[in-house]
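Peer 1: Given these sequences and hints, build the entire structure.
Quick note on our numbering: the first sequence kicks off at 1 and runs consecutively.
Bear in mind the hints are in silico, worked out from the structure with no lab data behind them. It is possible that part of the hints are untrue.
What the hints assert, rightly or not - Restricting the straight-line Cα-Cα distance to at most 25 Å, the calculated cross-link-like pairs of lysine-lysine (DSS-like) are:
| no. | residue 1 | residue 2 |
| --- | --- | --- |
| 1 | Lys94 | Lys70 |
| 2 | Lys260 | Lys338 |
| 3 | Lys477 | Lys371 |
| 4 | Lys343 | Lys395 |
| 5 | Lys418 | Lys395 |
| 6 | Lys4 | Lys80 |
| 7 | Lys505 | Lys457 |
| 8 | Lys338 | Lys418 |
| 9 | Lys417 | Lys477 |
| 10 | Lys80 | Lys70 |
| 11 | Lys345 | Lys395 |
| 12 | Lys345 | Lys315 |
| 13 | Lys315 | Lys263 |
| 14 | Lys193 | Lys263 |
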Amino acid sequence: MTNKKVRVRFAPSPTGALHIGGVRTALYNYLFAKQQGGDMILRIEDTDSQRFVPGAEAYIVEAFEWLGIKFDEGVHVGGKYGPYRQSERRDIYKTYVDQLLSDGLAYMAFDTPAELDVQRAAILNFQYDASTRMQMRNSLTLSTEEVAALVAAGNQYVVRIKIEPNEDIVVNDLIRGKVVFNSLVLDDKVLYKSADQLPTYHLANIVDDHLMEVSHVIRGEEWLPSAPLHVLLYRFLGWEDTMPSFAHLPLLLKPDGNGKLSKRDGDRLGFPVFPLQWTDPKTNDISSGYRENGYLPEAVVNFLALLGWNPGTEKEIFSMEELIKTFSLERCSKSGAKFDYEKGKWFNHQYIQLQSNAELATLFLPVLAEKGVEAPFEMVEQVMALTKERVSFVKELWDQASFFFVAPTSYDEKMAKKRWKENSAALLAELATLLEGIDDFTAARTEGDIKVWIEAKEYNLGGIMTAFRLALVGEGKGPYIFDIIAVIGKEETLARIQRAIDVLK
RNA sequence: GGCCCAUUCGUCUAUCGGUUAGGACGUUAGAUUUUCAUUCUAGAAAGAGGGGUUCGACUCCCCUAUGGGCUACCA
Numbered sequence: 001m002t003n004k005k006v007r008v009r010f011a012p013s014p015t016g017a018l019h020i021g022g023v024r025t026a027l028y029n030y031l032f033a034k035q036q037g038g039d040m041i042l043r044i045e046d047t048d049s050q051r052f053v054p055g056a057e058a059y060i061v062e063a064f065e066w067l068g069i070k071f072d073e074g075v076h077v078g079g080k081y082g083p084y085r086q087s088e089r090r091d092i093y094k095t096y097v098d099q100l101l102s103d104g105l106a107y108m109a110f111d112t113p114a115e116l117d118v119q120r121a122a123i124l125n126f127q128y129d130a131s132t133r134m135q136m137r138n139s140l141t142l143s144t145e146e147v148a149a150l151v152a153a154g155n156q157y158v159v160r161i162k163i164e165p166n167e168d169i170v171v172n173d174l175i176r177g178k179v180v181f182n183s184l185v186l187d188d189k190v191l192y193k194s195a196d197q198l199p200t201y202h203l204a205n206i207v208d209d210h211l212m213e214v215s216h217v218i219r220g221e222e223w224l225p226s227a228p229l230h231v232l233l234y235r236f237l238g239w240e241d242t243m244p245s246f247a248h249l250p251l252l253l254k255p256d257g258n259g260k261l262s263k264r265d266g267d268r269l270g271f272p273v274f275p276l277q278w279t280d281p282k283t284n285d286i287s288s289g290y291r292e293n294g295y296l297p298e299a300v301v302n303f304l305a306l307l308g309w310n311p312g313t314e315k316e317i318f319s320m321e322e323l324i325k326t327f328s329l330e331r332c333s334k335s336g337a338k339f340d341y342e343k344g345k346w347f348n349h350q351y352i353q354l355q356s357n358a359e360l361a362t363l364f365l366p367v368l369a370e371k372g373v374e375a376p377f378e379m380v381e382q383v384m385a386l387t388k389e390r391v392s393f394v395k396e397l398w399d400q401a402s403f404f405f406v407a408p409t410s411y412d413e414k415m416a417k418k419r420w421k422e423n424s425a426a427l428l429a430e431l432a433t434l435l436e437g438i439d440d441f442t443a444a445r446t447e448g449d450i451k452v453w454i455e456a457k458e459y460n461l462g463g464i465m466t467a468f469r470l471a472l473v474g475e476g477k478g479p480y481i482f483d484i485i486a487v488i489g490k491e492e493t494l495a496r497i498q499r500a501i502d503v504l505k
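Peer 2: And the structure:
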């Protein structure tokens, strides 16, 4: 290990919305980099022109902004190692493809996809490698003249890495330790396609990581099988001494059944798998997002951080700063984690409680506006103080708080049957008279006066309060009554009592 | 099929040879409350199986099973 600066990258392919598993990978990269005082790079891997989806890149940038994951370099912020979009680095890759070719470490192959299909159908477990390459149409089997003629005639070709069999290739993984692969099981992977003059992921990835001086490659476990190929590529290019360290993260699995969490699971199981809502530009299908579902970005970050990593203590609530301080690759788990949406809800509940009343009121204002309610900000703040501990999401606040803003127009039948007695109307009328005489309408004052009154008359506290609640709320729920009337005020309180008496008799 | 990775309560996990195997989510029961919710307390709940190594294995090794990933001119 050298003492070179820590530089990590998150390198998504712009093929659609950013998957929540990708978000976690990016988060771990970020936490690691920031802890080490290093840089975080956003590189767009758009080497597959077929799968490019417009808008995906902008979505990725917006998602990280929302989550509070900041990049030091990248497609959206620039930097000294650009361009950060692989489609803009064609010439760079070509240089190294040519180098591998002239060093005899790669070769040109002219087999068409159709011809390869024929081989795959004919030979069980066909693999383009040392055992089969001499039967194929490539620069190893064709003469120099034939190759030149084919190229001159406009035939498309690919460049394949030439892997020698029977060599053990060691991948040192920071999470898993030494993993050994025999080169026999590796195939001569395509590195470059003449058709679009772009490299495949493997070559582009190694060239970019090297040129961008990436020190640590932290990525999903699905890349572990191709890690030996990458090690070989570093070696073939002469860069093995500065090869980055690898860390392969466990995958996020479906909450039910089997397999890794996929884009489709979200709406099938009723929770988002994307940070932000995403509309597919081709089909117009909408996939829900954490942001639109009412999640606080801090909660999503905290939740994701603990899915595959733990601090070794019993602390569960972590700010981004605390995560940066505490995170370590050594404490990442090795096995996949089933995605537990219920726990995610709990995290959001915790973060709602951590918000100030003013912050929550600001978040709640749009919901109020949607319902056509206008209310003074201070009042909304007071309502937040009384209701926030009851909810996990901002939008649930409406269920808990609507009666503060809108008087009940009907009364819950069950509740009325149970709580509205023969004498309720008379008692509430008496209560109204009492309240009318109180000028200082604070909870402390009204509570004191009402309790004195009830005691003096030897009334039943519960009976009166539940009927009172029915009049105020319309059903049997909500915070302390005296807090409610302090917020809605004397006039409104009296109006609601009168209305209940009129309607329920 | 081949290669690789993994395996502790339903779920996320702690344990780095000696513990009553701990915590959290969820769940169950109680308590508190004028209601509902919150909150609080308590409970149920786990080392895949089989061999070793060792005075002693959840922990180390092997085998089996199971789960997962990869096996494209996708990343």
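Peer 1: For every hint, state whether the structure bears it out.
Peer 2: These are the hints, each one checked on the structure:
Between Lys94 and Lys70, the direct Cα distance comes to roughly 31 Å. Violation of the 25 Å bound is thereby established for this hinted pair. Of the pairs offered as hints, the one joining Lys260 and Lys338 holds, with about 8 Å between alpha carbons and a cut-off of 25 Å not exceeded. Pair hint Lys477 plus Lys371 holds up; C-alpha atoms about 20 Å apart against a cutoff of 25 Å. Restraint check for Lys343 and Lys395: the C-alpha separation of about 18 Å stays at or below 25 Å, so the hint holds.
This hinted pair does not check out: Lys418 and Lys395 have alpha carbons roughly 30 Å apart, beyond 25 Å. A C-alpha spacing of about 17 Å is found between Lys4 and Lys80, which places the hinted pair at or below 25 Å, so the restraint holds. For the suggested pair Lys505 and Lys457, the alpha carbons sit about 22 Å apart, so the restraint of at most 25 Å is met. The hinted pair formed by Lys338 and Lys418 fails the criterion: a straight-line CA distance of about 45 Å is larger than 25 Å.
Distance restraint check for Lys417 and Lys477: the Cα-Cα separation of roughly 15 Å lies within the 25 Å cut-off, and the hinted pair is therefore satisfied. Restraint check: the Cα-Cα separation between Lys80 and Lys70 comes to about 17 Å, which is no more than 25 Å; the hinted pair holds. The suggested pairing of Lys345 with Lys395 holds, with an alpha-carbon distance near 13 Å, which does not exceed 25 Å. Distance check on the hinted pair: Lys345 and Lys315 sit about 17 Å apart at the alpha-carbon level, within 25 Å; holds.
With a C-alpha separation of about 31 Å, the suggested pair Lys315 and Lys263 falls outside the 25 Å cut-off, and the hint is violated. The suggested pairing of Lys193 with Lys263 is violated, with an alpha-carbon distance near 28 Å, which exceeds 25 Å.
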